[in-house]
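Visitor: Residues per chain, in single letters:
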Amino acid sequence: DVKVTQSSRYLVKRTGEKVFLECVQDMDHENMFWYRQDPGLGLRLIYFSYDVKMKEKGDIPEGYSVSREKKERFSLILESASTNQTSMYLCASRALRGPSYGYTFGSGTRLTVV
Amino acid sequence: KNQVEQSPQSLIILEGKNCTLQCNYTVSPFSNLRWYKQDTGRGPVSLTIMTFSENTKSNGRYTATLDADTKQSSLHITASQLSDSASYICVAFTGFQKLVFGTGTRLLVSP
Numbered sequence: 001d002v003k004v005t006q007s008s009r010y011l012v013k014r015t016g017e018k019v020f021l022e023c024v025q026d027m028d029h030e031n032m033f034w035y036r037q038d039p040g041l042g043l044r045l046i047y048f049s050y051d052v053k054m055k056e057k058g059d060i061p062e063g064y065s066v067s068r069e070k071k072e073r074f075s076l077i078l079e080s081a082s083t084n085q086t087s088m089y090l091c092a093s094r095a096l097r098g099p100s101y102g103y104t105f106g107s108g109t110r111l112t113v114v
Numbered sequence: 001k002n003q004v005e006q007s008p009q010s011l012i013i014l015e016g017k018n019c020t021l022q023c024n025y026t027v028s029p030f031s032n033l034r035w036y037k038q039d040t041g042r043g044p045v046s047l048t049i050m051t052f053s054e055n056t057k058s059n060g061r062y063t064a065t066l067d068a069d070t071k072q073s074s075l076h077i078t079a080s081q082l083s084d085s086a087s088y089i090c091v092a093f094t095g096f097q098k099l100v101f102g103t104g105t106r107l108l109v110s111p
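Chains as they are written, first to last, in our numbering: chain A, 1 to 114; chain B, 1 to 111.
Each hint should be verified, as a subset may be incorrect.
What the hints assert, rightly or not - Here are the simulated lysine-lysine pairs, BS3-like style, with alpha carbons at most 27 Å apart: (1) Lys-71/A - Lys-55/A; (2) Lys-57/A - Lys-1/B; (3) Lys-1/B - Lys-71/A; (4) Lys-3/A - Lys-1/B; (5) Lys-55/A - Lys-57/B; (6) Lys-98/B - Lys-55/A; (7) Lys-53/A - Lys-18/A.
Simulated from the structure, these hints should not be mistaken for lab results.
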């Protein structure tokens, strides 16, 4: 089974802190994604990466950056956390072919910024 | 504008009963449609994948239908169980592999 692992289930940070959310996948997928999920808004794409060291802005990239130095790891960075970034963050990876074709989501990180 | 609308927003049913969740999508170009189940505090897990040429697809007690003409899909759950309590998210994929998410239906199965 494809595994997408997010390092923290719950995180509480203070306003202004720099926050790192880590995501690791074990199936050699090229594509990885970061979404945030808020009640009534569904999942919204923050950033995605087609391959190592490549990144593309999604629909709501403001206040976020990403890093993909290795194929299996995709990090989301909140440079200076703000209360409106309190949300559920979901990482996903995608296989373009083969038995695990499609998207696989991680379990999510619920971030609270106080 | 690409969008996916789901109804109802929330639903409570008794254990053992059936229910149907609805999804209307406006996505162009359309590639395929998926239903995901998301347990509280967890990530979404894929239930079904349907292309425009498929009308019905089943996964155990879950049956999804797709009407590409009316751009509607439904997810039917048979003989509901307590473990079916979750949010169900309809996701439309465009021809450019962009995902358009619905906001989900929150289902509560009551004993």
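Visitor: Taking the numbered hints from earlier one at a time, note which ones the structure violates and give those numbers from smallest to largest.
Guide: Hints 3, 4, 5 are the ones this structure does not satisfy, whereas the remaining hints hold.
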